[in-house]
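Trainee: The residues making up each chain are set out below.
Number of protein chains: 2
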Amino acid sequence: MDSKQLFENIKRKKSFLCIGLDTDITKVPRIVLEAEYPLFEFNKKIIDATADLTVAYKPNIAFYESLGAAGWINLELTANYIRENHPDIFLIADAKRGDIGNTSKMYAKAFYEKNDFHSITVSPYMGEDSVTPFLSYPDKWVILLALTSNTGASDFQMMKEEGTNKRLFEKVIENSTKWGNVNNLMYVVGATKAEMLADIRKIIPKHFLLIPGVGAQGGSLEEVVKYGMNKQCGLIVNSSRAIIYADCTDRFAFVAREQAFLIQQEMQGLLKKHKLI
Amino acid sequence: MDSKQLFENIKRKKSFLCIGLDTDITKVPRIVLEAEYPLFEFNKKIIDATADLTVAYKPNIAFYESLGAAGWINLELTANYIRENHPDIFLIADAKRGDIGNTSKMYAKAFYEKNDFHSITVSPYMGEDSVTPFLSYPDKWVILLALTSNTGASDFQMMKEEGTNKRLFEKVIENSTKWGNVNNLMYVVGATKAEMLADIRKIIPKHFLLIPGVGAQGGSLEEVVKYGMNKQCGLIVNSSRAIIYADCTDRFAFVAREQAFLIQQEMQGLLKKHKLI
Numbered sequence: 001m002d003s004k005q006l007f008e009n010i011k012r013k014k015s016f017l018c019i020g021l022d023t024d025i026t027k028v029p030r031i032v033l034e035a036e037y038p039l040f041e042f043n044k045k046i047i048d049a050t051a052d053l054t055v056a057y058k059p060n061i062a063f064y065e066s067l068g069a070a071g072w073i074n075l076e077l078t079a080n081y082i083r084e085n086h087p088d089i090f091l092i093a094d095a096k097r098g099d100i101g102n103t104s105k106m107y108a109k110a111f112y113e114k115n116d117f118h119s120i121t122v123s124p125y126m127g128e129d130s131v132t133p134f135l136s137y138p139d140k141w142v143i144l145l146a147l148t149s150n151t152g153a154s155d156f157q158m159m160k161e162e163g164t165n166k167r168l169f170e171k172v173i174e175n176s177t178k179w180g181n182v183n184n185l186m187y188v189v190g191a192t193k194a195e196m197l198a199d200i201r202k203i204i205p206k207h208f209l210l211i212p213g214v215g216a217q218g219g220s221l222e223e224v225v226k227y228g229m230n231k232q233c234g235l236i237v238n239s240s241r242a243i244i245y246a247d248c249t250d251r252f253a254f255v256a257r258e259q260a261f262l263i264q265q266e267m268q269g270l271l272k273k274h275k276l277i
Numbered sequence: 001m002d003s004k005q006l007f008e009n010i011k012r013k014k015s016f017l018c019i020g021l022d023t024d025i026t027k028v029p030r031i032v033l034e035a036e037y038p039l040f041e042f043n044k045k046i047i048d049a050t051a052d053l054t055v056a057y058k059p060n061i062a063f064y065e066s067l068g069a070a071g072w073i074n075l076e077l078t079a080n081y082i083r084e085n086h087p088d089i090f091l092i093a094d095a096k097r098g099d100i101g102n103t104s105k106m107y108a109k110a111f112y113e114k115n116d117f118h119s120i121t122v123s124p125y126m127g128e129d130s131v132t133p134f135l136s137y138p139d140k141w142v143i144l145l146a147l148t149s150n151t152g153a154s155d156f157q158m159m160k161e162e163g164t165n166k167r168l169f170e171k172v173i174e175n176s177t178k179w180g181n182v183n184n185l186m187y188v189v190g191a192t193k194a195e196m197l198a199d200i201r202k203i204i205p206k207h208f209l210l211i212p213g214v215g216a217q218g219g220s221l222e223e224v225v226k227y228g229m230n231k232q233c234g235l236i237v238n239s240s241r242a243i244i245y246a247d248c249t250d251r252f253a254f255v256a257r258e259q260a261f262l263i264q265q266e267m268q269g270l271l272k273k274h275k276l277i
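Those sequence lines, one after another, are chains C and W. For the first sequence, this note's numbering gives the first residue as 1, with consecutive numbering after it. For the second sequence, this note's numbering gives the first residue as 1, with consecutive numbering after it.
Here chain C stands alone, though its shape is the one from the complex (with noise of 0.2 Å):
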């Protein structure tokens, strides 16, 4: 899937969210629990509920590793459901992996090949040789950890750099546009920075962004579109916890439908707003 294809289905689904599979065994209604594997169990509820309200499905990889092998069996049988189910859905590891370069190509072997993820997310701090094995497959992508929406975030991200002045997380963003392009290689920016997607726009206007922390972490849908969004669009949004969550009982897939509508139907407001649909 490019960027084009991608827009394409922002487009048709009037929607550019992503949900985060952040699936917690602890949280998961009893009803689940009674399945052979109760996380996918839960997955697949909210999926068949909200597929056609999302372009992307994004498991948060620690929530199934918690579970050990267990919960690996539960995580592939989720994407492997994505996959043969809803072949228009991006569907991204959340791992923040990376490594050095015989490493990360193990890490690529376990989304790429071993499950068929299109996307990864990855952290930038050992450089270039720990990220090119993941832009290595054709049509699939990396996510680079560029400003993350958590209080840590400022701790070393926006650390200044003697003589150019530019923060890390900007010198990440302009060194890793030479080793991908726009149709493999998207950042992750956090919405609880939104005013600084002005300033990252000015270094990648085209690349798409990948933003969290809309909802439970307190960043505003409307902040991230007014100085994130480009000309096809450019934002895949996630909500987690909002969405999943938002009902505990047995009837937990239809309310979290009914909180992906509100999303949906908000960015389909923004969307026409911005003359993209």
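Treat each hint with caution, since some may be false.
Said to hold, decoys possible - Here are the computed lysine-lysine pairs in the DSSO-like style, where the Cα-Cα straight-line distance is at most 27 Å:
1. C/27 x W/114
2. W/166 x C/105
3. W/114 x C/105
4. C/114 x W/27
5. W/166 x C/166
6. C/231 x C/11
7. W/27 x C/105
To be verified - Computed far set for chain C versus chain W, every beta-carbon distance over 10 Å:
8. 3
9. 49
10. 94
11. 171
12. 181
13. 182
14. 229
15. 231
16. 251
17. 268
Quick caveat, the hints were computed from the structure, so don't treat them as lab data. Glycine included, C-beta positions come from ideal geometry on N, C-alpha and C.
On the provided structure of chain C, position chain W as indicated by the hints.
Mentor: Structure of chain W alone, referenced to chain C:
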């Protein structure tokens, strides 16, 4: 295991070796492929042959993850085997994880609760709240990436801060010393940058350092000791491929032992030279 116990083990074994279990299904001898859990089978034989020569084992999680859930079973069997049969071994999950607080908490569960690793390697890019969830477990360690051994290390880790003239890896070390202490925090410093160990020792004279990059990646043990050793040794030096893939026949475990023995002998000499044993 605290730093004092770690030093006791180093003195008793006359070794500060860590053996990296970068166990690659395409590189293991044919004989282990017949086993139900081939990576575990390989590891078990390597561990049985080398456990008296090493103070730590470091499974590289990517190599297991590349096989999906099946790989995770091999990883869990390996971790359990080490903890049950060699309780004096410091067990490192080389995972390079790190995410927003609630997600790092899940990774901590994966490696400290679901499995019983002593430590995990963590990427500092997302700052304090991405690291501290791993430090909230008593007797568990974070091994924070500071200066890595790959070529990409120069992309961002060497960036100098305006005003202070500090490099990013120095700022990472300085800031993070406030998050933990010498008994739950150590740092990754690549052996390929041995002379930089002198600068690092000015900031953290007492912390343990995990040194990858000796052997296959080109670093020299003598240089590392010259610039990095302290009164409690303060070094754990990793070797992976040079030991575990020294031979690809049925005799692989014996030859791995020979290679580990050669390194242990060199380490014994260096510990004596520095009057630590």
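Trainee: Would you mind marking each hint as holding or not holding in the structure?
Mentor: Here is how each hint holds up against the structure:
1. C/27 x W/114: Measuring from Cα to Cα gives roughly 18 Å; hence the hint holds.
2. W/166 x C/105: The given pair, whose Cα atoms are some 32 Å apart, is violated under the 27 Å limit.
3. W/114 x C/105: 26 Å, holds
4. C/114 x W/27: Holds - the C-alpha atoms of residue 27 of chain W and residue 114 of chain C are around 18 Å apart, at most 27 Å.
5. W/166 x C/166: 15 Å, holds
6. C/231 x C/11: 12 Å, holds
7. W/27 x C/105: 15 Å, holds
8. 3: 25 Å, holds
9. 49: For residue 49 of chain C, whose nearest Cβ neighbour in chain W is about 24 Å away, the distance exceeds 10 Å, so it holds.
10. 94: 8 Å, violated
11. 171: 6 Å, violated
12. 181: 18 Å, holds
13. 182: 21 Å, holds
14. 229: 24 Å, holds
15. 231: It holds; residue 231 of chain C is separated from chain W by about 30 Å at its closest Cβ, greater than 10 Å.
16. 251: 25 Å, holds
17. 268: Consistent with the label, residue 268 of chain C stays out of reach of chain W, its closest Cβ about 28 Å off (over 10 Å).
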